[in-house]
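*Asks:* Read off the chains here:
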Amino acid sequence: MIIDVLYFAWLRERIGVNREQITTSAKTVTELIEELAAIDEGHALAFADLKSLRVALDQQMARFDSSLANTREVAFFPPMTGG
Amino acid sequence: MRLSVQESAFDLGAETKAFANGAAGAGAIVTFTGLVRDNSGQVLGMEIEHYPGMTERAISDMMDEAQARFALTDALVIHRFGVLAPAEAIMMVATAASHRSDAFAAAEFLMDYLKSRAPFWKKELGPDGQTWVKAKEEDEAALTRW
Chain A
1 MIIDVLYFAW LRERIGVNRE QITTSAKTVT ELIEELAAID EGHALAFADL
51 KSLRVALDQQ MARFDSSLAN TREVAFFPPM TGG
Chain B
1 MRLSVQESAF DLGAETKAFA NGAAGAGAIV TFTGLVRDNS GQVLGMEIEH
51 YPGMTERAIS DMMDEAQARF ALTDALVIHR FGVLAPAEAI MMVATAASHR
101 SDAFAAAEFL MDYLKSRAPF WKKELGPDGQ TWVKAKEEDE AALTRW
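Residue numbers (my numbering), protein chains in the order written: chain A, 1 to 83; chain B, 1 to 146.
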């Protein structure tokens with residue numbers, strides 16, 4: 001399947017793009033992260049510390065063990081700092 | 001209820017007045033405004049990034065939840081993104097209810113959730129460069145009281 005992967009804040013800066021289309025057979029967020037981290041050094045660095053990462057699937061907060069079934073958009077970002 | 005996620009500045013006085021005019025019948029209105037701190041001149045500005053689409057969805061959900069929990073008659077959230085100068089208003093929350101306890105509690109509830117559950121990321125622009133603001137543990141902990 002093809003999914004849109006979005007990056008925000010320092011993840012976007014480390015990876016160098018704010019969005020990319022990925023063809024993947026990953027079943028969970030964790031499997032997708034393993035594939036993304038293998039792309040290049042920037043991706044590897046961005047996914048080095050999962051404790052400081054959050055994930056949203058189709059704009060809803062999710063977990064690393066969440067299933068990617070029927071997901072079109074995956075977003076990775078650091079903890080939010082709104083308000 | 002009204003939500004606006006916008007790049008442009010807003011007029012705090014005009015927004016508060018319009019909210020009050022529309023809240024006829026309420027007994028209490030609480031407003032909160034968050035500003036860019038200047039930290040004794042160490043902050044030259046702030047850049048706020050957000051996740052278009054998810055931001056609006058997440059805040060709308062929070063406002064629905066606040067209305068249900070605190071018997072609000074009305075609520076307003078304005079949150080800016082883009083580059084802001086020190087002392088500029090970043091965001092405002094207004095709540096209207098029959099009694100002040102609900103209006104205050106709902107404003108605090110919305111602020112606590114906006115801090116940690118609305119997809120915004122702040123970057124401070126200082127004399128020595130740019131730094132992403134780190135999320136505070138106490139902000140996450142604040143959610144447990146609700």
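Fair warning: there could be bad hints in the mix.
Capping the alpha-carbon separation at 20 angstroms, the derived lysine to any residue pairs in SDA-like fashion look like this [as the list claims (entries may be wrong)]:
no., chain 1, residue 1, chain 2, residue 2
1, B, 136, B, 43
2, B, 134, A, 27
3, B, 123, A, 27
4, B, 123, B, 104
5, B, 17, B, 104
6, A, 51, B, 138
7, B, 136, B, 124
8, A, 27, A, 79
9, A, 51, B, 143
10, B, 136, A, 27
11, B, 134, A, 73
12, B, 134, A, 79
13, B, 123, B, 69
14, B, 123, A, 73
15, B, 123, B, 1
16, A, 51, B, 104
17, A, 51, B, 17
In silico contact screen, one side only, chain B against chain A (beta carbon under 7 angstroms); selected entries [stated by the list, open to error]:
no., residue
18, 57
19, 105
20, 114
21, 115
22, 121
Hints in this document: simulated from the structure, not taken from any laboratory. Beta carbons: idealized from backbone N, C-alpha and C, even for Gly.
*Asks:* Each hint should be assessed against the structure and marked as holding or not.
*Replies:* A quick look at each hint next to the structure:
1. 136(B) / 43(B): holds (19 angstroms)
2. 134(B) / 27(A): violated (31 angstroms)
3. 123(B) / 27(A): violated (34 angstroms)
4. 123(B) / 104(B): violated (29 angstroms)
5. 17(B) / 104(B): holds (18 angstroms)
6. 51(A) / 138(B): With Cα atoms ~17 angstroms apart, residue 51(A) and residue 138(B) stay inside 20 angstroms; holds.
7. 136(B) / 124(B): Satisfied, since the Cα-Cα distance of roughly 15 angstroms is no more than 20 angstroms.
8. 27(A) / 79(A): violated (24 angstroms)
9. 51(A) / 143(B): With Cα atoms ~19 angstroms apart, residue 51(A) and residue 143(B) stay inside 20 angstroms; holds.
10. 136(B) / 27(A): Cα-Cα ~32 angstroms, so violated.
11. 134(B) / 73(A): violated (25 angstroms)
12. 134(B) / 79(A): holds (8 angstroms)
13. 123(B) / 69(B): violated (33 angstroms)
14. 123(B) / 73(A): Violated. Residue 123(B) to residue 73(A) sits at ~25 angstroms, over the 20 angstroms cutoff.
15. 123(B) / 1(B): violated (29 angstroms)
16. 51(A) / 104(B): It is violated: about 33 angstroms lies between the C-alpha atoms, which goes past 20 angstroms.
17. 51(A) / 17(B): violated (43 angstroms)
18. 57: holds (6 angstroms)
19. 105: Violated, about 16 angstroms.
20. 114: holds (4 angstroms)
21. 115: holds (4 angstroms)
22. 121: holds (4 angstroms)
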